[in-house]
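Participant: In case you want the letters, here they are:
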Amino acid sequence: MTEKKVLLVDDEREFLEVLGTRMRNRGLDVATADSAEEAIRKAEQKNFDVLVLDLNMPKMDGLETLKILKRNNPDIHVIILTGHATVENGIRATLSGAEEILEKPSNVDMLIRKIEKLVTKKMVKI
Amino acid sequence: MNPQWEIIGSEGFKFMGKMNASISHEIKNVLAIINEHAGLLEDFTLMAEKGMPVDPERLKQVAGKIQSQIQRADTIVKNMNTFAHSVDEAKGTVELGGLLSFMAVLTERLATMRGVTISAVASPEPITITTHPFLLQTLIWFCLEAVMENAVTGKKLHLSARADEQGVQVVISGLENTEKLFSSHGFPGRRENALLEALEGNAAVKGEGGEIVLTLPLTFSNPAMAKGEVS
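The listed protein sequences derive, respectively, from chains A and B.
With my numbering, the residue at position 31 of the first sequence is 31, and numbering never jumps.
With my numbering, the residue at position 133 of the second sequence is 133, and numbering never jumps.
Just chain A, same shape as in the assembly (with noise of 0.2 Å):
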């Protein structure tokens, strides 16, 4: 099976680097942004399986970077990682073409179980 392409986007940037490496460690393909303009930048130059977003980011938030980047790959699978998942967040999320919400702090186990999830419901799609 190919490695899994993600595109993990968060402005804490010393999460990111760590999350990142413990991701590769577990053999996805990852790829880092710390702003929505990163990000979508990111998502120009390569086909993403997953997007794991935070909602809250200087400038533009986590839902409109959803939204933009749902339009230009309307493919890709969407988990939000957040500091407060509330249901209010969930439902906006959800409405925005997320399909999973979890909360930091988060098993990094547990997150990669939720990709592969999305990635194989990808494939039996196709």
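One or more of the hints may lead you astray.
Pairs of lysine-lysine residues, derived as PhoX-like cross-links and limited to a Cα-Cα distance of at most 20 Å, are as follows [what the hints assert, rightly or not]:
1. K59(A) <-> K156(B)
2. K5(A) <-> K70(A)
3. K155(B) <-> K59(A)
4. K206(B) <-> K180(B)
5. K18(B) <-> K59(A)
6. K59(A) <-> K5(A)
7. K70(A) <-> K59(A)
Don't read these hints as lab results, they were simulated from the structure.
Dock chain B against chain A, hints included.
Facilitator: Here is chain B on its own, set in the frame of chain A:
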């Protein structure tokens, strides 16, 4: 309760809530980073158990990063505690330089979210006034919030204090569209006016529209406020 204090009460709660939400978000971010570093250490342990070599320098680096995040969390919690205690007294001596530095730190995340940076500029001499500390913080936040709504991304705002014969002035500078802020957006609005009245101050635009100047007395003349009986 009179209408002015009803406004102050409800707006004060909103300010407190906004700051607490921002602080709790920051703490969550720190916990998430510590969680990932701890997880990385666990990954190294599993590697070592499988006989794979683990570089001690790498372990030392991760431990150092955890310690630095703990320091970051400690600063956040100290600031949260200072902020929580600002409602303790209805009257207190405030050194404006310290208060403005604190406001810059307290509002840093909310400003960053809007693409704005806020910094405090130190006064040559300490400027102290007797005022209601929490109401003053609330007023400064509402001014910053109104300014940030009109600010372009990348804007740098400065907080400073100065004293003259009329009293002391808290200055928010580096602004744009302040004339518009005052004329079209109705600033200062009901909440700012209620706070200005309680603090016996006034707000004006100066420096060709580049500054909001809050003029405040050295102490209260209102007997109830002077006795610290209104909170």
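Participant: So if I understand the rule, the pair passes when the alpha-carbon distance is 20 Å or less; does K59(A) with K5(A) pass?
Facilitator: Violated: K59(A) and K5(A) sit about 26 Å apart, past 20 Å.
Participant: Next pair to validate is K206(B) with K180(B); report whether the Cα-Cα distance is within 20 Å.
Facilitator: holds (13 Å)
Participant: Does the alpha-carbon distance linking K70(A) and K59(A) stay inside the 20 Å limit?
Facilitator: Status holds; Cα separation ~19 Å.
Participant: Under the criterion that the straight-line Cα-Cα distance not exceed 20 Å, is the pair K59(A), K156(B) satisfied?
Facilitator: Between K59(A) and K156(B) the Cα gap is close to 14 Å, so the pair holds against 20 Å.
Participant: Tell me if the straight-line CA distance from K155(B) to K59(A) falls inside 20 Å.
Facilitator: holds (12 Å)
Participant: Regarding the pair K5(A) and K70(A), is the alpha-carbon distance no greater than 20 Å?
Facilitator: Since the Cα atoms of K5(A) and K70(A) sit roughly 16 Å apart, the hinted pair holds (cutoff 20 Å).
Participant: For K18(B) and K59(A), compute the direct alpha-carbon distance and say whether it is at most 20 Å.
Facilitator: This hinted pair holds, its Cα atoms lying about 18 Å apart.
Going through the hint list in order, the structure does not satisfy hint 6, though it satisfies all others.
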